[in-house]
Structures are given as structure tokens and as C-alpha cells.
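Chemist: Listed here are the chains, written in short residue letters.
2 protein chains.
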Amino acid sequence: MNSTATLPGLVEMLRTIAQGERSAEDWIHTCFDQIEAREDQVGAWQYRLSRDEYLAYYHEHQALLSTRVLKGLPVGIKDIIDTKGMPTAMGSTIHQGRIPVDDATCVELIKQAGGIVLGKTVTTEFAYFKAGKTTNPVDSERTPGGSSSGSAAAVADGMVPMSIGSQTAASVIRPAAYCGTIGYVASRGELSLRGGQPLAQSLDSLGLYGAKVEDIQLLRAILLRTDSTLEALPQAIPLQRVLVCPGRLVGEVSVEMEHALSLLSARLEDHGVVVDVMADTDNIRRLVHCHEQIMAWEVCRNLAYESRHQELLSQPLQTLLTNGLAMERKEYIDALNQVTELALWLKQQLSSYDAILTPAAPGIAPLSTQGTGSPHMSRPWQVLGLPTVTLPGYTNKQGLPLGLQLVGYQREDDVLLAQAKWLLTSIYQK
Amino acid sequence: MNSTATLPGLVEMLRTIAQGERSAEDWIHTCFDQIEAREDQVGAWQYRLSRDEYLAYYHEHQALLSTRVLKGLPVGIKDIIDTKGMPTAMGSTIHQGRIPVDDATCVELIKQAGGIVLGKTVTTEFAYFKAGKTTNPVDSERTPGGSSSGSAAAVADGMVPMSIGSQTAASVIRPAAYCGTIGYVASRGELSLRGGQPLAQSLDSLGLYGAKVEDIQLLRAILLRTDSTLEALPQAIPLQRVLVCPGRLVGEVSVEMEHALSLLSARLEDHGVVVDVMADTDNIRRLVHCHEQIMAWEVCRNLAYESRHQELLSQPLQTLLTNGLAMERKEYIDALNQVTELALWLKQQLSSYDAILTPAAPGIAPLSTQGTGSPHMSRPWQVLGLPTVTLPGYTNKQGLPLGLQLVGYQREDDVLLAQAKWLLTSIYQK
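Residue numbers (full-length UniProt numbering), protein chains in the order written: chain E, 1 to 430; chain L, 1 to 430.
One chain only, chain E, in its complex shape:
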């Protein structure tokens, strides 16, 4: 265990600032202390401001920043999301030195709220499989997961109190699970993707990282331009009925992950929550397959420019593009139609429950030599466009994170987060 996380969470930090216990500048120094101590090992950053550069900007704008909710605290932005005047290379040598002329809308809104972009966090190549330099903050031999590797690691390691990622398959949830932090994927269509590089239009969602659910709630309010005062943060909502989707219904899963799921299920029942297990079905695996088909078709139709530079692409991405181009349109349309049909099926399954509880990854983070881990645990929910949030806390005997996730109703993200808040603050136990 290497992690030495030092931040109590974004909202908690803002409370200490409001109460005059610590200044924003104190917290900024804490972040840079952590980065300077840990970045050589964690490698979360593709590009970042130095402490001096950050403080120069902070001091220049301090009067204005002090009136904004985020008070000048730092944010990490996945390097697949455009930042004006700051390199955005999408994890690929093809775009080395690329400097966008606009901020993505999510970046703009964080800035308007008084956040400062400390830097760009490492992404896998075009948010697909090829790993960047980031290591898992909990165990440096292991992968942080992909593709939002740096965003997850930076928050999990306490380098910054907030970061932005994106998910097409499992790119927010899996790194959150592996690093033991909170990752949230918004319902599809919920948050603006303007300025984020699209990978697959039927699958892409924006994601957020924080140490606590309340941090996610605050960031979500900022991105939705709704009331983003600390006083307006939604209260916890107790879960009453939960549907468990065991990992084996999705695909390969470790024994210790299924055990963590059982432990939390039992604990929920102890607290009077009705917990039912989803009946055996191959529909969840069908959703996994549909996701794969849709992704292959769409990715190669988005990465048209990059297709011209095959020699600069990793082998897995070349294969995905080749497969996508070789697909019959019928397969793609069949997959889309199956998803429509399965969405109705799942809605019925879910109708008498508040949420689905299921593994966020197949197990602990694999060794980095084995890649960034498998995304199947997220594919069913992602292809349906459902909001999800990871539940960190459970670990295996060696203390490595075993992340679970709570999956909610489409567009009911606020309810989902309020339920996760209840779960994590009222009844969760390691």
C-alpha cells in the first residue's frame, strides 16, 4: 500500500475555507506537495502547471476566485478533453503538441465556478486500451485501469480534489474501482460533451471523480448550471429495495469480488433493505455483446483521421478499427435494436427496485504488465446509457480495492447519487 492521500474531499475542503480554518492557498500547497512527492511514482499527469505557474494565476485572479464556489482549487482534466492553450494529445503520438483553441464546455463551467485546471491527466490512447504511464496509487505494480487512468489516480492519491473523465465502455468506473475512489458516469446525454473527443456517439458519457459523493453532487450542479452552493447539495436518500446483478451474469469475475458483493448485500439486509438477486438470464451478456458491436462500428467512423496513421496506432486499436470497417451494417443495427428491446426488459426487472448493485470491475487491479483490465462489468449499463457510481471501500485481504457500483434509472442521476451517499455514509463498512 503506497497511497498517502491527504485530501478530505472537495466539499470538506470548501467548508474549511468557508469557516476560515484553512485558506484555498493552503489547500493548493497541499495538492502540490502531494504531486511533487508522488508524481514520479504515480504518473497521473500528461501535462501540468508548476506550483509557481499555478500560484501566479491564482494570485492574479484571487479576488474573483474567492467569490466563486470552487475558490481556485485545482481540477485535473482527462487528456481527451480539449483545453484552450493547453496540450491535448488524446494519449497518441499522432496528436503530440496539439493545442486546442477552445475549452470544452465542462472545462469552461468548472473555470466559471472558480476551479483552476492544474493539468491534463493521462488517458489511454484515444480512450481505448493502450496504457499510458500511470500506475495504481494503491500498488504501483498494478494498473490504475483505463481509460481515465490519470483522472482516477490523481483523485485517489489526493493530488487534486476533483477530476473529469469520460466513459465509452468502462473508462471511468473501472479506474475508480481499481484505485478505490468515487467515479460517476452521467446518464447519456445528461452533460455537455462539447469539446470532448467523441469515440462512439451512442455510448460516450462524461464522468466525474471525487473522494466523496457530495463532491460529485457539487460538480454535477456546476456542469448543469443549477444551484451549486454548498447549501443546495442534495441530502442522502435511504435505499429500500436493491436488485443485485452478480458478476457472473455479466462475464468473468473473481471469487473475492463476488464475496465483496455478498458482504455488502448482507449488510444492506441487516439495515432492513430488501435485497434480491437477479434471476439467471443471458440478457446481460447480450448487452455486453451489443456494446462491443456498437463500439466497433462507431469508433472507426469517428477516428477517420487517425485511421490514416495506422502505423502510429496500437495493435488493439488497429484491430478495433479493422473489425468495425469489416462489419455488416445489419450487425450494427441489430445491436441497436436489441439494446432498445433489452432496455425495456431491464426496466421491468428494475421496476420494483431503487437501483442495481453489481461489481464495478471483475476483481482487483491486474498487474500493469497485463494491461488495463477488462471492461465488461460496465458494458451493459453503458450501452443502456444508465447513470452509475462506484462504491469504494471493500478490499481483498491484501488491501487492494474491490469496487462495486450502483446503477440507477436513466436521468435519475440525482436520486442515484443521493442513494449512494446514504449507502456510503450510513451503512458502508470495510
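Treat the hints with caution; some may be incorrect.
Repeated chains share a single entry, so a pair holds when one copy, or any two copies, can fit it.
[Said to hold, decoys possible] Within a straight-line C-alpha distance of at most 20 Å, the following computed SDA-like cross-link-like pairs (lysine to any residue) qualify: (1) Lys133 to Ile94; (2) Lys330 to Asp414; (3) Lys84 to Ile94; (4) Lys330 to Ala221; (5) Lys84 to Gly97; (6) Lys397 to Pro366.
Think of the hints as simulated: they come from the structure by calculation, not from any bench.
Add chain L to chain E, keeping to what the hints say.
Modeler: For chain L alone, coordinates are given in the frame of chain E:
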């Protein structure tokens, strides 16, 4: 009537090149002759290459271009869509001089197919209501419609054989109707929007303009990276059963537009097509309202940067942003849910028909002094994400275009275009 269109359509031009009748360079000169003769009046271009610049590029790449399907012919790109190294200002002084670092994927694919970007076509301010300088090629006192004003006018006037637009409300279909050319809006999610500025993620679609349906079919194949040889163009498919949605079910409509719809309906019946009229319902107007609600909510969450420059925005856009920010989330979610419910209703209505036939605009193009026209005729189909194509040909007594549109099944764009091809080549008559 001022139009002096000189191009027989993209595919027809390519056939003359294949048969050695005319060279690509001949056609390029024809395009520039038209532009130089007409641009002062039509004003379709926000930015464009000069004839010399174009020819210099063409000659430099001629060997390669001659192997590609589009042979170096020119395309116009709506100025809301990014072009690498070419100004993209979105119809707003806020982005004057903005030069993107990437081509949008649609631009990249057209280039890969051997098209050359002649320039950027005029868009209304952020693809909303504030008109640019473009006039209607058929009558310079009248609006070309918005927001893809320049893309529609440039093709309608024979300045270029193809152009790209985008539609959030009626931004492709209405200009096509007013200018008397063919506009096609793809099913939502069908074509990559990477590099196009998003306005409303639940509503945005890419659109294409051409003189004939076969031109649209070719461009669609290029953008989908499927077989884009001339020999692979899908054949016409006869319509058998058509459901007519009278304009009055959507909103305000002119007597002459309803008359054009009746004329085509009668003509279809003469050819043995079953034509039924949709029973009175307020569901279509409900869809219009849902579209307005969703658009207001999402636009102000995408145009976050621009919100900071209120003084540089037009009054209608300021109002939209203000309304969107003042909305309750409940109204937005209600609108989304109503659309889901109404989509099922419409699917049932449509189940025994091939397509919907309905006005593409409330009437002829208004005088430019009255704005760019009302978008309501497209809102119901756009909010449902359905593919649509305009049917030019009918005019009022003064010869001004009265565009109708054919609306198809989601993701069945190929069938819709093949039916439109049949309709326009086999039975349409002015």
C-alpha cells in the same frame, strides 16, 4: 427568379468525368464561374478559397485525387463545423478569427474521398436564429432559411455540387425547402458529429445537401465509410403506403403549402400508392413543444463560454439562454419522457406505412426582413431523431419553392432515400 444553377448534380458530374466528357477541372471552373457571377448577390460564403488557391491545391494533389471518388470536386462546409486551418466562426463575432486545429470527421472523410473544401458556408449565429448575409438564390429579397443558409444556397445556386449542414430544429430542411434543393437529415447518432459544434445533444444531427438524391446517397456512403463507388448507389424503391401529416397538425401553415401537399398526395394515388391522412391529434404539437423545451435546456448548457459574452449575442439567443437557465429540471425531464412515449405512439401510427409525407416549411421563404422563417415543421421529427429528406419541385404561382419532406424510420435512412429517389425520379411533377 434569379437562380441560374448550372450543375447537373454531383453523381452526374462524376459520370461525365468517368466517361471523359468533361474533366474535374472543367467542373471546378464552372463552379467558380457561378460563384464569381453570383456570390455578391447570394452571399453563401463566409470564407472561401479563390480560384487560384483552389487550382493550386488541386494541381498539387491531382494524381491522388483522380483515384478518389470525388475527383477533386468542391464541397461547402457550414461554418459551425471545424475545418483545420480554415476560419470557423459559428456566425458569431465572439469567435471571429477562430482557426480550429482539426478537421471535423465529416470534413476529413470528404477529403479522404477526394473532395476539396472550397470554403465555409454562412450559418446563422450558433445555428440559431440570427441571419447571416445569405439571400435566397430564387429571390434575393427572401431568406434562404436558417441555420444552414449558405450550404443550402450554394448547392441550390449551383456554386458547388455538395455541402454539409447540421440540424437541431429545422436547420437543414427549412433552407432546403426555401431554396428548392435537396436536404437530408440523418437519423440521430447515424453520422459522426466529431468536430461539429454541439448545440443540443439530444437533438443535433448532421445534414447533407445535393441536387439529386443519388448525390446524397453517395455522400452518405462516404461518411459511413461503406462502399462509395458510383456502382454501389442504392436503387430506387417504390412507395406503397404513405401517411400524410397535414401541416395544420404541426402548426401554422400556408394554404398554398397544404395545396402542394394535396397535389402530391393525389399524384401518389394516381400511381397506385395508398395515401392516408393522419387522424386529428394534438400529439404532433406536443412533440413541437417538447422539442422547444429540450432545446432551451440543453443549448444554454452547451453555450457556456458564449454566455459570458451576452453583449455579443443576438436578442433571440439571449432569450433562449435565459429561458433555458430559468427552466425547472422537471420540465426538461418531462419533455424527454413525453418524447419517449410519443415515439411509441408514432411508431404505431406509422406501422403500416412506408413513410410520412408532410410540409418541410410553413410556406414559401419569407422576406429577409422577417427573419429566417419558423422551424416548427421540423421539430416533431427532429425531436424523435428520424431521418428526413426534402422533396423540391412544387412552387407557388410566382415560382417560389414549396418544399415537402418525407420522414422515415429511425436508422432506415437508406430505405428513405431510395423511396425519395423513386418519388422524385418516377412520379414527381411540378
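Chemist: Could you run down the list of hints and mark each one as holding or not?
Modeler: Evaluation of the provided hints:
no.	hint	verdict
1	Lys133 to Ile94	within (17 Å within a copy, 38 Å between copies)
2	Lys330 to Asp414	between (37 Å within a copy, 12 Å between copies)
3	Lys84 to Ile94	both (19 Å within a copy, 15 Å between copies)
4	Lys330 to Ala221	between (40 Å within a copy, 15 Å between copies)
5	Lys84 to Gly97	both (13 Å within a copy, 15 Å between copies)
6	Lys397 to Pro366	within (15 Å within a copy, 73 Å between copies)
Checked against the numbered hints listed earlier, the structure breaks none of them; every hint is satisfied.
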